[in-house]
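Asker: Here's the letter readout for the chains.
There are 4 protein chains.
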Amino acid sequence: MRTGVWLIGARGSVAVTSMVGALAIRAGLTGPAGCVLETPALRDRIRPGIGDLVFGGHDITTVPLDKKAAQLAEAGVVPAALARAVQGELLALDQHVRPLPAAATQAETAQAIGADLHSFRRHHSLDRVVVVNVSSTEPLPPPHPAHAHLDALGPALTGPDPVLPPSSLAAYAALLAGCPYVDFTPSTGARMPALDALARAQGLPYAGHDGKTGETLVKSVLAPMFAQRNLTVRTWSGVNLLGGGDGANLARPGANAAKAASKQRVLSETLGYAPQGETRIDYLEDLGDFKTAWDLVTFEGFLGTGMRMEFTWHGCDSALAAPLILDLTRLTAAAHHAGRTGPLTELAFFFKDPLGEVPHGLADQWRSLCDLVTALTPGTTP
Amino acid sequence: MRTGVWLIGARGSVAVTSMVGALAIRAGLTGPAGCVLETPALRDRIRPGIGDLVFGGHDITTVPLDKKAAQLAEAGVVPAALARAVQGELLALDQHVRPLPAAATQAETAQAIGADLHSFRRHHSLDRVVVVNVSSTEPLPPPHPAHAHLDALGPALTGPDPVLPPSSLAAYAALLAGCPYVDFTPSTGARMPALDALARAQGLPYAGHDGKTGETLVKSVLAPMFAQRNLTVRTWSGVNLLGGGDGANLARPGANAAKAASKQRVLSETLGYAPQGETRIDYLEDLGDFKTAWDLVTFEGFLGTGMRMEFTWHGCDSALAAPLILDLTRLTAAAHHAGRTGPLTELAFFFKDPLGEVPHGLADQWRSLCDLVTALTPGTTP
Amino acid sequence: MRTGVWLIGARGSVAVTSMVGALAIRAGLTGPAGCVLETPALRDRIRPGIGDLVFGGHDITTVPLDKKAAQLAEAGVVPAALARAVQGELLALDQHVRPLPAAATQAETAQAIGADLHSFRRHHSLDRVVVVNVSSTEPLPPPHPAHAHLDALGPALTGPDPVLPPSSLAAYAALLAGCPYVDFTPSTGARMPALDALARAQGLPYAGHDGKTGETLVKSVLAPMFAQRNLTVRTWSGVNLLGGGDGANLARPGANAAKAASKQRVLSETLGYAPQGETRIDYLEDLGDFKTAWDLVTFEGFLGTGMRMEFTWHGCDSALAAPLILDLTRLTAAAHHAGRTGPLTELAFFFKDPLGEVPHGLADQWRSLCDLVTALTPGTTP
Amino acid sequence: MRTGVWLIGARGSVAVTSMVGALAIRAGLTGPAGCVLETPALRDRIRPGIGDLVFGGHDITTVPLDKKAAQLAEAGVVPAALARAVQGELLALDQHVRPLPAAATQAETAQAIGADLHSFRRHHSLDRVVVVNVSSTEPLPPPHPAHAHLDALGPALTGPDPVLPPSSLAAYAALLAGCPYVDFTPSTGARMPALDALARAQGLPYAGHDGKTGETLVKSVLAPMFAQRNLTVRTWSGVNLLGGGDGANLARPGANAAKAASKQRVLSETLGYAPQGETRIDYLEDLGDFKTAWDLVTFEGFLGTGMRMEFTWHGCDSALAAPLILDLTRLTAAAHHAGRTGPLTELAFFFKDPLGEVPHGLADQWRSLCDLVTALTPGTTP
Ligand SMILES: NC(=O)c1ccc[n+]([C@@H]2O[C@H](COP(=O)([O-])OP(=O)(O)OC[C@H]3O[C@@H](n4cnc5c(N)ncnc54)[C@H](O)[C@@H]3O)[C@@H](O)[C@H]2O)c1
Ligand SMILES: NC(=O)c1ccc[n+]([C@@H]2O[C@H](COP(=O)([O-])OP(=O)(O)OC[C@H]3O[C@@H](n4cnc5c(N)ncnc54)[C@H](O)[C@@H]3O)[C@@H](O)[C@H]2O)c1
Ligand SMILES: NC(=O)c1ccc[n+]([C@@H]2O[C@H](COP(=O)([O-])OP(=O)(O)OC[C@H]3O[C@@H](n4cnc5c(N)ncnc54)[C@H](O)[C@@H]3O)[C@@H](O)[C@H]2O)c1
Ligand SMILES: NC(=O)c1ccc[n+]([C@@H]2O[C@H](COP(=O)([O-])OP(=O)(O)OC[C@H]3O[C@@H](n4cnc5c(N)ncnc54)[C@H](O)[C@@H]3O)[C@@H](O)[C@H]2O)c1
Ligand code: NA
Ligand code: NA
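Protein chains in written order, with numbering that gives the first Met the number 0: chain A, 0 to 381; chain B, 0 to 381; chain C, 0 to 381; chain D, 0 to 381.
These are calculated hints, taken from the structure and not from any lab test.
What you were told as hints is all true, and nothing was included just to trick you.
Now the stretches of chain B that chain A is said to cover, found in silico as 3 or more residues with beta-carbon under 8 Å: (1) 20–32; (2) 70–79; (3) 223–237; (4) 293–304; (5) 315–324; (6) 360–369.
A few chain B residues facing chain A, derived, Cβ under 7 Å: (7) V35; (8) T38; (9) V220; (10) R307; (11) E309; (12) F310; (13) W312.
Here the structure is a predicted model, which is why all the values come from computation and not from measurement.
For glycine and all other residues, C-beta sits at the position ideal for the given N, C-alpha and C.
Given these sequences and hints, build the entire structure.
Answerer: Printed below as a string of structure tokens:
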């Protein structure tokens, strides 16, 4: 079951870390730490395996993959020895990372994207290709009536003005080309009625949004703890200090606001109310790919007694995200194979801003994921 | 369904905080924050309610309850206004807190304890009395052959030498008198084959051990998160700085060791391996009933990248423990009413060192608790 | 040497905490913790003593002092017993806190303020009155040519439009009335050439700006440590979470920006360069007068090795500020007595944004303060 | 002014990091970050310069210097590129690191050590050799009467039983051979009357003890801040989690106790009283050369209001220590050149447990150091 992973933003940190990792794991140079489908509970259940994944993608920069890998090694994101060991294979991959097409109309651009996907599938004789968006977070797009109706969308795209933001155009092109779509970013992606309709019409699943890799992950286990213990959270404030390409981009107010909002949602969803406080994101170039998040929680217990908790999370964002890209591709491919269409709400475990009316506590999301894996495992009765 | 709560250690911080709280809640002066059975998910399910609880107990000190309440108010554990508001009722309760009996043999002491329980039940016309140990943590007792056999235990207790530590003698006396037994401390309590046999012979349930109120609670949600994300925890070290009566006692090496061990167990149980590191407990008189715990976790992600997390927990131990005493009494009484005997393993949610082969992750424990509540709820089909 | 303390903002948290404290210390109910002039090194050197201070002031609210004190007690800023003990004296003080005058022109308002100062001095037969600004932080005022020239200022104030922000008008009125002026806030106060000229013309000293009570205090000892050890600070980021009246006001963007800037200045001044990073101030009503600040410092050592430090400061702002009000009044009165005029640059120890070209490291500021105390101590040869 | 640095423990982390660094700085490959004598305030004052230092030493292991350097690079202590760049020079240095002599009596061992020192000086035509102890911390030695009298010491050393611990034997041998001695460890070294007498008799200076590189450094600026602000420190507790060779050694109870005690001394010396609390040292192999220290400080301000501060220090111990080795050698050599004999108390800035009755606050120590530099600077009038 050879499966293509087509990465939008294929020359970025998350993308290249996931490629280096998949190659190194396949070569037996390292283990699958961080890959959820390789935990004892889920191991050997989902086809395709890591070894069945074939990489390609689009990007707007032309930095070669091996050079990016060397930068990641320099920054401590991937071990220098691994980056060197897979350098040859990365160079081979490089030809499958194409410049993002840009035509006169969005309809034509979508067609060009689709053509790249078809040729990638043909070239590697792949069973299917999953398109995964790991490109820079984009600002919220202006609303457009065609977002709501698939019938209106096609014609609208033939006009001279952009109707869809890049992430949604990628989703549109992917679905049109018969490829499931995963959005690891907070961008809009497939999240509009017209694209949901397209996915269903094409019999394709899609997943998202915004990979959950740090502070929000921790929140998704702590907030249920406070709720189950009937401890009222009065304030929950956080600050995220991060560098790297993602940080630079998030420093732009539009992108930042989208991300910060999706980071507080887990609280109101799991607590049943919104405590005071906000999550800040600050860009500090010097921190590179490592992020430091600090959260303060003040809460009230028996008879109103005030208490507090704080935590500091110091994680390497790309190293946390990359294995999830492998997991998400495998799960989405298996879901497609099993005939699932529409939003894969059981993948909420992976996302800060999951699709559908789903639980936001990690434990419930874990159960939901385990149930999905069971449902997708050939030869088991769910 | 009037239910007695007989507290061993009834003049201590946890005991008096739970009394003040129950009286204040009953009088409508405050809400049931911190009470697990009052979360939206579990509210109005379990009989007895908080208003059905009647307090009494044993202690070895004679500090009046209202004086202890005033000290707790001074220390910021309970609001001064509440302590004053329930002062009269506390004084009334004071006569039901008896000096711990101490006779020539442990058999006679047990009988005297039983007599106090009977007279308490009769005096208040109670449906049942739950005995809850909240007295000072005791050192591990020396082993004795009679711990293993109920047949041997009775005769052994008639000798001049102590055979059981105080917590186990209390459990013995309670079970003999037909009372379920809950141990909120890390002491031995009912945890020996002879007492398990006695509980089953008497048709009584029992529960324990060691209320989970702070650092271990946090561990029980964070450790599963690392496991589910396949992030290898390399080290997990903690330090607990605490004052108060419990702190003073834990500063004694024997008690301390017992507690520290039970605090790391959650890691190996949920991770499947034991990371490097230890949990320290240090006594700082000046901190009073407020405890500060700090934990450092170092972990390894994709391709071996090292990352870290630390948290500080600043909680009021008695305020965290007291509502759980109300919950545990209610649940144990309801389980008794429903005919449950032996260890109540579904109460693992409340304990650092739960009875039985049970999950140590909080989310699984929560589910188990919810299932128990459903099973105990009259008129629902579990 | 009876000295008046005329507080602008006399019904605020800092003001009332300093009044309660001075009364309680005088009555022997508590010690002078937090008062710098009462450390062993400086004790019994400066006249007036705490017992020589007499309070009065202006405010725009009419909340009675004893009610404010009760609120501060409720919030844990002052002990309830002390607030009760000095209630009577506070009520007596209340009549000396007058509504802030507001006339048709700023010249007339200044005259009315001066009249209040004269009548206060006369009423209590005071040797001198020190005016201390502890009112809400105001936004940066628009520039005006009269700020630069004393000659131009008088006439400009007779016009219908405001020329000075409230803090500077208070400084103007104070200096005109022969009173030294201290600004504990980040507002403009006496910081303009025209007012400096007025102070010198009147033979009066003045001091400021912005009391240093928390995060900046810590920075002023840590930054010199990094500098002396030749460790390059790469980033220094902070977040301040605070409630209270001051917090509510600082949440307004204008005031916030002024304060945040003055909080980073200590870094460039002591390190010799400005590391990346910013200081954020967030308002969280629920935190009340207690503030939590968190700072992350990343630095580089030998051969470029990266390291990091973080700290959390959890302080009660009013309790930290109030004793400094007593110190500043005493020092400014003694300086006036000794004939000092113009900016008291030796008081940099107390301020985030000190006047003059002074060291920003706390240790150097401490030495400078000790030298001043020696110079002001009667009968010692400096 | 060519100066030898003879390192006891020359194959350890601190030693090799300082060699790699000195070679790299000399080659212009990196700057002198972390070197106190290279701060703007002290630059170009002290001869010898870094470029004048020549390395040699004793050790009991035979791991080659370049191999140790490679390990340090692997562990992130020194950049891999630098370790490679100086590999050749390290190999050349390797022949000057000799096995620690061990003869039948300590007198003979001392003579053998002295012979190595002489031959090192001759071989390189050095003006002088400074012996610096950076070997593993040793337990407190049993007392011996000869420690108190130089007259008794010589004869005692000719016996079969050891009279001096290794660090003191090294000091004895160094002084006898005319070499100043610096102890960077908490071991006894020259700290006994007999060795002080020997230093004076030989006209030699000596320095120590226990390099101040992390938590204690921070304490030495924070504690004076609390003192100067008259804030009463109630508790100060710390935990140090460290790996590496030093950590492994400190995990042995004897060594640990010595170090922990020297870490709390700064508090009582700067505060004037000893707050509650202790400093713990725990060994966590996995942390390698990076150490994490966490400290909690609770303090009391105006009117008794309780507040708190905590900090986490995450430093690379060897990278913090190595530049100080260069500074200490240079300063001690210059002091020797200037005719100083006996304890160099002005070097307290560098040590956790400084010699003499000296201030323990860093700011005062800094001044003292600056004064010493001025005194040692040729052609300046102190
Ligand atoms: N790393 C994490 O933990 C994490 C978690 C959640 C979400 N994300 C999201 O993942 C995305 C990638 O993060 P990253 O750290 O790899 O960022 P990055 O800046 O390193 O990489 C983004 C890449 O996208 C490319 N790109 C930009 N616009 C594009 C377009 N229109 N089409 C194709 N490529 C385009 C850029 O050239 C760049 O190579 C971001 O949106 C980020 O917010 C990351
Ligand atoms: N507060 C928490 O968060 C928490 C969590 C887990 C376990 N616990 C355990 O709960 C227990 C009570 O804690 P606390 O803070 O109330 O302590 P405490 O010291 O305030 O109270 C203990 C009481 O037990 C009494 N006592 C001692 N020996 C006795 C005996 N043999 N029989 C009867 N009474 C006796 C003491 O006189 C005292 O009044 C401790 O064992 C503690 O370890 C508390
Ligand atoms: N507490 C600290 O640690 C600290 C440190 C540095 C600076 N400050 C500054 O001290 C000031 C007081 O802080 P607070 O916590 O007491 O604030 P607060 O809000 O409790 O008190 C401010 C008082 O000023 C009054 N006021 C407002 N405008 C006025 C005016 N024009 N004239 C007279 N009174 C006026 C208000 O009515 C209020 O009573 C603030 O500017 C704050 O930024 C405080
Ligand atoms: N790194 C710091 O920040 C710091 C701070 C203060 C003190 N120190 C002290 O510096 C010393 C060195 O630290 P490290 O991290 O380099 O330790 P390390 O374990 O890496 O090196 C110690 C070296 O000393 C050698 N050695 C042991 N006994 C010896 C003896 N009798 N004679 C000669 N050599 C001997 C060992 O073989 C080893 O090579 C320790 O005592 C440590 O406590 C270090
Ligand atoms: Na912290
Ligand atoms: Na922290």
